[in-house]
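S.K.: Chains as they are written, first to last, in this note's numbering: chain A, 1 to 131; chain B, 1001 to 1131; chain C, 2001 to 2131.
In short, the hints are calculated from the structure, not lab data.
Quick reminder that beta carbons are idealized off the backbone N, C-alpha and C, glycines included.
A hint or two may mislead.
Result set (BS3-like, lysine-lysine): computed pairs, CA atoms no more than 30 Å apart in a straight line [said to hold, decoys possible]:
id, chain 1, residue 1, chain 2, residue 2
1, A, K6, A, K104
2, A, K104, A, K25
3, C, K2006, A, K6
4, C, K2104, B, K1006
5, C, K2025, C, K2006
6, A, K104, C, K2025
7, A, K104, B, K1025
8, B, K1104, C, K2006
9, C, K2104, A, K25
10, B, K1104, B, K1006
11, B, K1006, A, K104
12, B, K1104, B, K1025
13, C, K2104, B, K1104
14, B, K1104, A, K104
15, C, K2025, C, K2104
A few chain C residues that face chain B, going by a derived Cβ cut-off under 10 Å, partial list only [said to hold, decoys possible]:
id, residue
16, V2007
17, T2027
18, E2031
19, V2040
20, H2072
21, F2076
22, G2079
23, E2080
24, H2086
25, S2090
26, S2094
27, S2095
28, V2096
29, T2097
30, W2110
Chain residues, written in single-letter form:
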Amino acid sequence: MLHTLKVRSREREELVEFTDAVQQKLTDSGEQQGIVVLYVQHTTAALTVNENADPDVPRDMLHLLRTLIPQHGMGFQHGEENSDAHIKASMLGSSVTIPFADGKLLLGRWQGIFLCEFDGGRERQVIMMLR
Amino acid sequence: MLHTLKVRSREREELVEFTDAVQQKLTDSGEQQGIVVLYVQHTTAALTVNENADPDVPRDMLHLLRTLIPQHGMGFQHGEENSDAHIKASMLGSSVTIPFADGKLLLGRWQGIFLCEFDGGRERQVIMMLR
Amino acid sequence: MLHTLKVRSREREELVEFTDAVQQKLTDSGEQQGIVVLYVQHTTAALTVNENADPDVPRDMLHLLRTLIPQHGMGFQHGEENSDAHIKASMLGSSVTIPFADGKLLLGRWQGIFLCEFDGGRERQVIMMLR
């Protein structure tokens, strides 16, 4: 099963949760057990799994990443002034792999799936494949 | 094949190797070729593959992460005082995927599989699935 | 389908693109839809997907990683003086997973697959498996 999910960001840096869209596509597929692979087709955005209960968690994460990897003042050569976004994207990674059983994502109690936007706001494409 | 492995940490921050448990489950399954997906169901722990020969390697890794992402003094808003753990978890990632052939994990000579504990000690759950 | 790709680095730190070799093996396999898992069998190298158009992007990434995680002066204990390389390797990760359809890697327009060398130059082994 292959789908393209669209995830919309509003800010330059933002963590956008889209767990429900993934579970819905999984339910629609009727598949019972396997892995979900999510893959972002962009070089200034990433995917991660983290806490979705307290919005301060994604906020603190963006704050820390911005402190370690600021957009300006690091001597970056790339002309588009988004080297910081490329680096953050590789640090968090272009894909997540999540097992499922009985048709449900095997997420822990506090886990949600996030698009990590580092050069938005934009509409981003995430490939979803079941194996 | 779907299993839940329990991995126990003792310290707040610790890399706990569990390669042998993964290879044992793989051997028990009788499967010969494919991928092992390991997935941690927590938001303040991660999984990684790195050197398991010299214990100074995991120690240096935790030391560096603590230097870059200290628990206190960064202006974190999340009330549980473990934002550092959430961020380290996303940086290292919630899953690892390792190919196997002839019933053996295709690890390099110096590679071991580690649970990365950032808010322990606790018992952590790792989902293991073969594909 | 299981292959070992050889990727050669020349510098201590270098991002070496090998997208074409992966697509060629995929084409040779005749497989139409699934996932490619790439896995590096080393503890001082990693794999990532990022922009392959402007060579300043990988250069900026190595520069930033070197700034955050210098080889010397951090109090590392590991005797081989390459703790920085081990840490960078875990931060970027030992594997990438990329979906394919119609026999083509579903990479975004600007995406390439890179070996991230942190303790070269060397010949590195990358396992490639299709599922």
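S.K.: Does the structure break any of the earlier hints, and which numbers would those be?
M.R.: Hint check: 3, 4, 6, 16, 17, 18, 20, 30 fail, others pass.
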